[in-house]
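With chain A fixed as given, assemble chain B onto it according to the hints.
Protein chains: 2
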Amino acid sequence: MKPLARKTVIAGFGLIGASLAAAGKRAGVLGRVVGVGRSAANLDVARSAGLADETTHDLAAALADADLLVLAAPADACVRLLEQAVPSAPEACILTDVASVKAPLCAAAERLGVDARFVGGHPIAGGTATGASAADPNLFRGRTVVLTPSAQALPNARALVAGMWRAVGAEIVELDASVHDRVLATTSHLPQMVASALCAVAAAHGDRELVERFAGPGFRDTTRIAASDAAMWSAIARLNRDRLLEAMDAFGEVWANLRDGVAAGDEASIRATIERGAELRRRIDKP
Amino acid sequence: MKPLARKTVIAGFGLIGASLAAAGKRAGVLGRVVGVGRSAANLDVARSAGLADETTHDLAAALADADLLVLAAPADACVRLLEQAVPSAPEACILTDVASVKAPLCAAAERLGVDARFVGGHPIAGGTATGASAADPNLFRGRTVVLTPSAQALPNARALVAGMWRAVGAEIVELDASVHDRVLATTSHLPQMVASALCAVAAAHGDRELVERFAGPGFRDTTRIAASDAAMWSAIARLNRDRLLEAMDAFGEVWANLRDGVAAGDEASIRATIERGAELRRRIDKP
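So the sequences go chain by chain: A and B. Each residue of the first sequence is one higher than the one before, counting from 1 in the working numbering. Each residue of the second sequence is one higher than the one before, counting from 1 in the working numbering.
Everything labelled a hint here was simulated from the structure, so no lab data went into it. It is possible that part of the hints are untrue.
One copy or two, either will do: identical chains are not told apart, so a pair holds if it fits within one copy or between any two.
Dumping the calculated EDC-like pairs for lysine to aspartate or glutamate here, alpha-carbon to alpha-carbon at most 16 Å [unchecked claim]:
(1) Lys2 - Asp266
(2) Lys286 - Glu212
(3) Lys286 - Glu209
(4) Lys2 - Asp65
(5) Lys2 - Glu110
(6) Lys286 - Glu174
(7) Lys2 - Asp67
(8) Lys2 - Asp76
(9) Lys286 - Glu54
No experiment lies behind these values; they were computed from the predicted model shown.
Excised from the complex, chain A in its bound form (with noise of 0.2 Å):
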């Protein structure tokens, strides 16, 4: 495939960007590729691996002449990384970041000027491993990306960035980043807080040796996302607070009812309730 872009700079070279880098240069779409990280280490992997072309802890430096840039850290940084990015960044130069909360890189970009030729995008991918020596170029591979374009993005850069994740095989779905948010806080941002009060609960109990012996599948199952990074999911809280909120308290009214249920021996109330769940439950693993 002919490459989309000729220079492409991949600011934050974890698991999501270094597949991306694996990925784009396989699939020939993505040219010469400029690593910029905080860890000489892993920019070190990176480059031998072959994922980058050069690499450089200055991002400023990186974006010269560059047609693409991609911010693939975690929300917040994101954010950070486009307001250092823009005055150094030419002027055609497209900008996608892959945060999990889009609302905030939106706004930014607005902010910053440059929303004509930004394009927000999620990859509904990961994996427990990290740093570019866990690169994966099929890691995007029959995968949805999210991207949020705004009204004001230019043809050029919606085509770019959309058929930059199309090339290594993954389906795009377009939203609006406030619609992205709010789904999100129910089916990712919710479900870690959800998990991590469960093992905070389960942490306090006065029988804590007992509740570890006989934590079994149902528990580890419900529970395992609980053991993610701390920094990480406090800062998408604060990114992504008000849709959060919203998912919170309804499901602070759900546990409500549920509760008041069990305290009233009222079967019927609990059973609809479960009901409710499972039957959304039972078509998610439909084919």
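Chain B in isolation, oriented as in the chain A frame:
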């Protein structure tokens, strides 16, 4: 191994009852096995697979000359079955069960005057398959079985029930019934309520189609158990009401605190809750 019981009645011949029959016969600790259940088709499977030597719908008739009665039904059915069995069971017949809530069974045994020969049990094992056709003689191998004998339980009753479970590969832990129910309220019943509430919230979302589409691995793991049987769980919620309420209220407090932290943008408080849970979650995964 020498049979511990010449004639065992297993009332309820689903996954647990049928697997116990299979494992106990293979290990040689169960002699003659009589399967009692409601579904003629399921009892036919049990008999043709050699798991039961005879089968019947009539619990009272089955109990003639029995040395051991195992109630292998959901918790609420076990209480009813114990009430039905006691008038017909021989004086020397040892009684046990596999219910996931123990205090109501122990209380029923005391009320019925059989606490000396009743030893409550709860194998922490199971699966999604159901019925005698899913019988697995290795289901209990390496798993924990909690036994909750009262102070009145006779040594021969404790020895028979513990010996049976050890013979099929399980490890025995003895607990007070109330401690069992308090611990399981947090490790099993609370996660069920949390997962069900989370799915009920997702089901009521304004963008439900998108929610189903973006329910990724995190959402799926966190809610896997929400597809469980609503009638079984509403019965467990009734039988373990006070302990479950304690656990739900503990969760409600952590939840309110987390919600207020999100509302206030208090990242330090959010991080502290997530870290407290993550620390426990990581310990559980350690070998």
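Of the hints given before, which are not true for this structure? 1, 4, 5, 6, 8, 9
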